[in-house]
Amino acid sequence: WQDLDGDGPNAPVLTNASATLSPNTAYDLSVQLLNETEAANLNDPEYNITLEIEEEDEAHLFLYDVTAGLFASFIYNDSDSTLPLGLETTLTTGNGTPATGTLTVVLLHESDKSATGVSLGGPVRPSNAGVGGETDVQADFTINVQ
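The end of the sequence shown is residue 146 by my numbering, with every number in the run present.
FYI, nobody ran anything at the bench for these hints, they're computed from the structure. A portion of the hints provided could be inaccurate.
What follows is a set of in silico ranges between Cβ atoms, one per label pair, in the way DEER data are often shown [what the hints assert, rightly or not]:
id, residue 1, residue 2, range
1, G69, T135, 24 to 30 Å
2, P9, N77, 23 to 29 Å
3, E46, T20, 33 to 39 Å
4, A72, E38, 35 to 41 Å
5, N95, E38, 39 to 45 Å
6, E110, P9, 21 to 27 Å
7, I75, L4, 30 to 36 Å
In this text, a Cβ means the ideal position worked out from N, Cα and C, and glycines have one as well.
Construct all of the structure, not just a fragment, from the sequences and the given hints.
As structure tokens, this is what we get:
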């Protein structure tokens with residue numbers, strides 16, 4: 001996912017926006033956000049936006065909206081002092097019939113992390129009433145479980 005003009009008129013570009021996963025398997029998901037308009041330096045918070053999100057973890061929340069049936073479980077593996085952050089998660093596929101659907105990843109700023117539906121046991125969906133906040137990033141990925 002790449003959005004070089006930020007809030008500008010150009011739409012983000014998604015490459016490799018699909019994945020084929022095996023059933024009954026746990027997958028660790030890690031999110032990293034980079035400002036590619038800056039010189040590449042993973043230790044520079046101007047380039048590696050993930051560092052800012054980690055530092056301001058109480059103000060940020062990644063939400064994951066998943067088509068029903070794709071995943072049997074979802075676990076947030078990181079948090080601010082007590083509430084989920086979502087840079088690190090584990091998704092486990094179900095062992096049922098093959099399925100295709102969408103995984104939507106949303107980064108919210110200044111959301112209500114104590115709202116109903118927000119828990120370390122996830123998943124948290126952007127459509128949950130009361131979460132609020134401003135959407136900083138949103139990307140959709142096609143997931144095939146077979």
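Taking the hints in turn, this is what the structure says about them:
1. G69 / T135: 24 to 30 Å: Holds, since G69 and T135 (Cβ atoms, about 25 Å apart) stay within the stated range.
2. P9 / N77: 23 to 29 Å: Roughly 36 Å apart at Cβ, these two residues miss the hinted range, so it is violated.
3. E46 / T20: 33 to 39 Å: Given about 35 Å between the Cβ atoms, the range holds.
4. A72 / E38: 35 to 41 Å: For A72 and E38 the Cβ distance comes to about 39 Å; the hint holds.
5. N95 / E38: 39 to 45 Å: For E38 against N95, whose Cβ atoms are near 44 Å apart, the range 39 to 45 Å holds.
6. E110 / P9: 21 to 27 Å: Holds, at about 25 Å.
7. I75 / L4: 30 to 36 Å: 33 Å, holds
When the structure is compared with the earlier hints, a violation turns up for hint 2 alone.
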